[in-house]
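Student: Chains as they are written, first to last, in our numbering: chain L, 1 to 493; chain A, 1 to 493.
The set of hints was computed from the structure by calculation and includes no laboratory data. Treat the hints with care, as some may be off.
[As the list claims (entries may be wrong)] With a cut-off of at most 25 Å between alpha-carbon atoms, the simulated SDA-like pairs for lysine to any residue come out as follows:
1) L:Lys275 / A:Ala22
2) A:Lys5 / L:Glu224
3) A:Lys446 / A:Arg58
4) L:Lys287 / A:Val455
5) A:Lys287 / L:Glu285
6) L:Lys108 / L:Asp428
7) L:Lys461 / A:Arg58
8) L:Lys269 / A:Ser305
9) A:Lys275 / L:Glu28
10) A:Lys269 / L:Ser286
11) L:Lys287 / A:Ala22
12) A:Lys287 / L:Thr288
13) A:Lys269 / L:Ser297
14) A:Lys269 / L:Ser309
15) A:Lys275 / L:Thr288
16) L:Lys461 / A:Thr288
17) L:Lys108 / L:Glu28
18) A:Lys39 / L:Ser297
19) A:Lys275 / L:Asn306
20) A:Lys106 / A:Ser460
21) A:Lys388 / A:Pro328
22) A:Lys195 / A:Gln164
23) L:Lys66 / L:Asp113
24) A:Lys287 / L:Arg266
25) A:Lys275 / L:Ile320
26) A:Lys275 / L:Gln312
27) A:Lys287 / A:Ser460
28) A:Lys275 / L:Leu296
29) A:Lys461 / L:Pro279
30) A:Lys39 / L:Asn293
31) A:Lys275 / L:Asp321
32) L:Lys5 / L:Asp35
33) L:Lys287 / A:Pro279
34) A:Lys269 / L:Glu322
35) L:Lys287 / A:Arg79
36) L:Lys160 / L:Arg402
37) L:Lys275 / L:Ala22
38) L:Lys160 / A:Glu254
39) L:Lys269 / A:Asn306
40) L:Lys195 / A:Glu254
There are 2 protein chains.
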Amino acid sequence: MSPRKIGVTEVALRDAHQSLFATRMALEDMVAACDDIDKAGFWSVECWGGATFDACIRFLNEDPWKRLRTFRELMPNSRLQMLLRGQNLLGYRHYEDMVVDKFVEKSKENGMDVFRVFDALNDPRNLERAMTAVKKVGGHAQGTICYTVSPLHDVDGYIKLAGQLLDMGADSIALKDMAALLKPQPAYDIIRGVKDTYGDDVQINVHCHSTTGVTLVTLMKAIEAGADVVDTAISSLSLGPGHNPTESLVEMLEGTGYTTDLDMDRLIKIRDHFKTIRPKYREFESKTLVDTNIFLSQIPGGMLSNMESQLQAQGAGDRIDEVMEEVPRVRAAAGYPPLVTPSSQIVGTQAVFNVLMGSYKVMTAEFADLMLGYYGECIGERDPELIKQAEQQTKKQQITVRPADLLEPEWDTLVSDAEKLEGFDGTDEDVLTNALFPNVAPGFFKTRPDGPKNVGVDPSKQKKRENEPVLEPITYKVSVGGRTQTVHVEPAE
Amino acid sequence: MSPRKIGVTEVALRDAHQSLFATRMALEDMVAACDDIDKAGFWSVECWGGATFDACIRFLNEDPWKRLRTFRELMPNSRLQMLLRGQNLLGYRHYEDMVVDKFVEKSKENGMDVFRVFDALNDPRNLERAMTAVKKVGGHAQGTICYTVSPLHDVDGYIKLAGQLLDMGADSIALKDMAALLKPQPAYDIIRGVKDTYGDDVQINVHCHSTTGVTLVTLMKAIEAGADVVDTAISSLSLGPGHNPTESLVEMLEGTGYTTDLDMDRLIKIRDHFKTIRPKYREFESKTLVDTNIFLSQIPGGMLSNMESQLQAQGAGDRIDEVMEEVPRVRAAAGYPPLVTPSSQIVGTQAVFNVLMGSYKVMTAEFADLMLGYYGECIGERDPELIKQAEQQTKKQQITVRPADLLEPEWDTLVSDAEKLEGFDGTDEDVLTNALFPNVAPGFFKTRPDGPKNVGVDPSKQKKRENEPVLEPITYKVSVGGRTQTVHVEPAE
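Just chain L, with the same shape it has in the complex (with noise of 0.2 Å):
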């Protein structure tokens, strides 16, 4: 019997640096390796959305939208591949209907193929328009679970949660591991399960960080349980907080009953071009090798370095201990969010007031916000006390509806917001943009004419900077027979 196939999304471009270093790679860093990419036999290629989007107008002085039709040129065989937040799009707050369509549309007619829609909450209502978008456009409409771990969370209710995805015509599930929390067994089980439930046709892509150290074995027995696609990134731009390295999942199955089919030549190729990008970008990389407190404390690398700055700010940081026992309770009282960006960010910032301050003694607006339903269902009831609270403090109503029902049509608006910025330039492409980031668009258009901007640095200035002598300016007394004259020193270039 012949292996069955696996497919890979390889996620070098996107979701790999975003982890690794801050989602800081330029387009020009990555063109030289795209024809490999395209001709590896890959399912798709991760290369868009997240925090991409961001970086490119925040960092990198680079149109996203002109990105994205790159790669669709360079990579003309392959399926590109998009993380879109749900009704957030890539932005920060819940969008109209309308825009979420327009932006749909747009990525579609731009390039895009399989849109991978998620919710930090899990709550599927808010996945549902982006979904609808995807299919009316044409795309692949992937939908997603995010994993975590709770008192509340269990194998049945993330199976229910898929059954939930194929009702509102997922063409596929991803299984979204971000916080390398999923184990193999817990893995094995969701997707034989869901296999079991709702048919063995229904595709299944698993996406796995490697922070913990864990997931390539989680991976192998996905595949085991029946998963069709897994998500990897090229060996020079894996491990730590990024993903499983492509190569050793390639290495992993042989022998086995099953097989990717890649192309090693190709995958060295892409290799080697992105072992001489990485170290250019060595300022933003994370230090994590390998994490496995994750496990224990329940809270995610980025989520707890950020609460230590928050207490440090405060000259508090001795009371990280105390924080980090009272996320789980502010979580319980939320109704037990999956931790990942915003929720992550609230819950954190939550307990740490209740540390410095005296618990719910103050409130910060996005915790009333979850409390109150505005970012949507969490799988637990929330705190009934705490509702009432964040309705006294914010002077809003509990809202058991979908959030972006309550909102009033806006794209008119938002093209008039747009036209009045100078280097707008009359697209939609140009409208989105600003609608997801309104604080950073208009700088963006203004110097979009300067062209993009590579914040990587090459290594060998880097080693000259670590290894050889500099020298800043200074100011010596030097004395030379009897007189003493101030000296004042620089470099001349």
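Got chain L sorted already, so can you dock chain A onto it with the hints?
Tutor: Only chain A this time, still in chain L's reference frame:
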């Protein structure tokens, strides 16, 4: 049914730092972790042998026997484990049997429990005497299979080799994957095969490096196949060319039919300790994060960099590809030895010579010895033409007996050699130290009274060097107002 308990060998104190930073860790950087290691519930603690003995006297001015006694004292509840190169002991030649007996006896006396005995060529005759010696002194004799890949190596061959080791009286079998070549499926097949052939009560220990990124999956499959004990390193001393993280193994098994019963609180303390230690040895640290080239080339990373520097020394750095193509041919001519110290160096150097000077125009003395059987037997036949050439060149005859059979009793000579040395303390341990490293021990005996030397560098001092301006002494000619003076400037402190 309660889960099956999997034993764990913690390698932090030996192979982890040998693989990650050239065996440079000083005993004083280990002692604080020993109590937690002792009580965490490991099956054994690998802490001695391999390259540690050499490194102790060559770089650290540390008496390796004293190191062993210290471990014994600090970890009274643990099985201490060492790696022993069969008839080579810890040195680089074959020793006469009585020296082997003596070394094993003294190791046991100083505190050793588990002797993992291996031979680079997998020639059982090179293990037999050491195994017998271990059993005679009541130690645990672990017979080792060095895992490699070649057209002649297959699952059945490894199963047969395991049988030979069991016939020798092995208390357990180690499957040693020093190059991270062992993929999940062959691991499963070999272990299942050994258990099926010789009984489920045969203890199998699995040792994998993590270089290729695949081998935590290998450990999972090994466990499913029935492996009893697996080797890992605490996470802060893990990954890269080292080993899979201990904590990740523990977490990986949750919910499966297996458990480690390790004490996670202790593991965290051990981890936190070595987290502060590892940065001290940054200077020695390997840059490899993950490398799957080994699967394609069969050439381990250390061997490759060795050949590269040999080529560069000859101004032929651009010919590495030719050498890499030559290696498999040389290895085939030698009967497919595993590529591990010293066979990797012998094969690699001969490949370099062949490329630079023509095929076997020059044969190294070591390669000639390998061809003549002076290292033992390989799995395959050796090229008869090259055997003839080796005989002519060396004026020696091919041998088929066990190499150590040709050695005369040498203990008395070794004693009198040692007695001539300044600083010799009169013990058998010192005789053995000098026997193993006759070029290094004399110097060590002299400097021993100065006490151990820690070659680690405080990270805060390293940081200073990287980020702060460095002013090196410099002499300027300074011209001011038409007059030239020579000015020497150097840091004031």
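Student: Could you run down the list of hints and mark each one as holding or not?
Tutor: Going down the list of hints, with the structure as the test:
{"no.": "1", "hint": "L:Lys275 / A:Ala22", "verdict": "24 Å, holds"}
{"no.": "2", "hint": "A:Lys5 / L:Glu224", "verdict": "23 Å, holds"}
{"no.": "3", "hint": "A:Lys446 / A:Arg58", "verdict": "12 Å, holds"}
{"no.": "4", "hint": "L:Lys287 / A:Val455", "verdict": "24 Å, holds"}
{"no.": "5", "hint": "A:Lys287 / L:Glu285", "verdict": "15 Å, holds"}
{"no.": "6", "hint": "L:Lys108 / L:Asp428", "verdict": "13 Å, holds"}
{"no.": "7", "hint": "L:Lys461 / A:Arg58", "verdict": "35 Å, violated"}
{"no.": "8", "hint": "L:Lys269 / A:Ser305", "verdict": "20 Å, holds"}
{"no.": "9", "hint": "A:Lys275 / L:Glu28", "verdict": "36 Å, violated"}
{"no.": "10", "hint": "A:Lys269 / L:Ser286", "verdict": "23 Å, holds"}
{"no.": "11", "hint": "L:Lys287 / A:Ala22", "verdict": "22 Å, holds"}
{"no.": "12", "hint": "A:Lys287 / L:Thr288", "verdict": "15 Å, holds"}
{"no.": "13", "hint": "A:Lys269 / L:Ser297", "verdict": "16 Å, holds"}
{"no.": "14", "hint": "A:Lys269 / L:Ser309", "verdict": "24 Å, holds"}
{"no.": "15", "hint": "A:Lys275 / L:Thr288", "verdict": "11 Å, holds"}
{"no.": "16", "hint": "L:Lys461 / A:Thr288", "verdict": "21 Å, holds"}
{"no.": "17", "hint": "L:Lys108 / L:Glu28", "verdict": "23 Å, holds"}
{"no.": "18", "hint": "A:Lys39 / L:Ser297", "verdict": "23 Å, holds"}
{"no.": "19", "hint": "A:Lys275 / L:Asn306", "verdict": "21 Å, holds"}
{"no.": "20", "hint": "A:Lys106 / A:Ser460", "verdict": "41 Å, violated"}
{"no.": "21", "hint": "A:Lys388 / A:Pro328", "verdict": "21 Å, holds"}
{"no.": "22", "hint": "A:Lys195 / A:Gln164", "verdict": "14 Å, holds"}
{"no.": "23", "hint": "L:Lys66 / L:Asp113", "verdict": "16 Å, holds"}
{"no.": "24", "hint": "A:Lys287 / L:Arg266", "verdict": "23 Å, holds"}
{"no.": "25", "hint": "A:Lys275 / L:Ile320", "verdict": "19 Å, holds"}
{"no.": "26", "hint": "A:Lys275 / L:Gln312", "verdict": "22 Å, holds"}
{"no.": "27", "hint": "A:Lys287 / A:Ser460", "verdict": "21 Å, holds"}
{"no.": "28", "hint": "A:Lys275 / L:Leu296", "verdict": "18 Å, holds"}
{"no.": "29", "hint": "A:Lys461 / L:Pro279", "verdict": "23 Å, holds"}
{"no.": "30", "hint": "A:Lys39 / L:Asn293", "verdict": "20 Å, holds"}
{"no.": "31", "hint": "A:Lys275 / L:Asp321", "verdict": "19 Å, holds"}
{"no.": "32", "hint": "L:Lys5 / L:Asp35", "verdict": "23 Å, holds"}
{"no.": "33", "hint": "L:Lys287 / A:Pro279", "verdict": "12 Å, holds"}
{"no.": "34", "hint": "A:Lys269 / L:Glu322", "verdict": "19 Å, holds"}
{"no.": "35", "hint": "L:Lys287 / A:Arg79", "verdict": "34 Å, violated"}
{"no.": "36", "hint": "L:Lys160 / L:Arg402", "verdict": "19 Å, holds"}
{"no.": "37", "hint": "L:Lys275 / L:Ala22", "verdict": "17 Å, holds"}
{"no.": "38", "hint": "L:Lys160 / A:Glu254", "verdict": "23 Å, holds"}
{"no.": "39", "hint": "L:Lys269 / A:Asn306", "verdict": "23 Å, holds"}
{"no.": "40", "hint": "L:Lys195 / A:Glu254", "verdict": "22 Å, holds"}
Of the hints listed earlier, those the structure fails to meet are numbers 7, 9, 20 and 35, in rising order.
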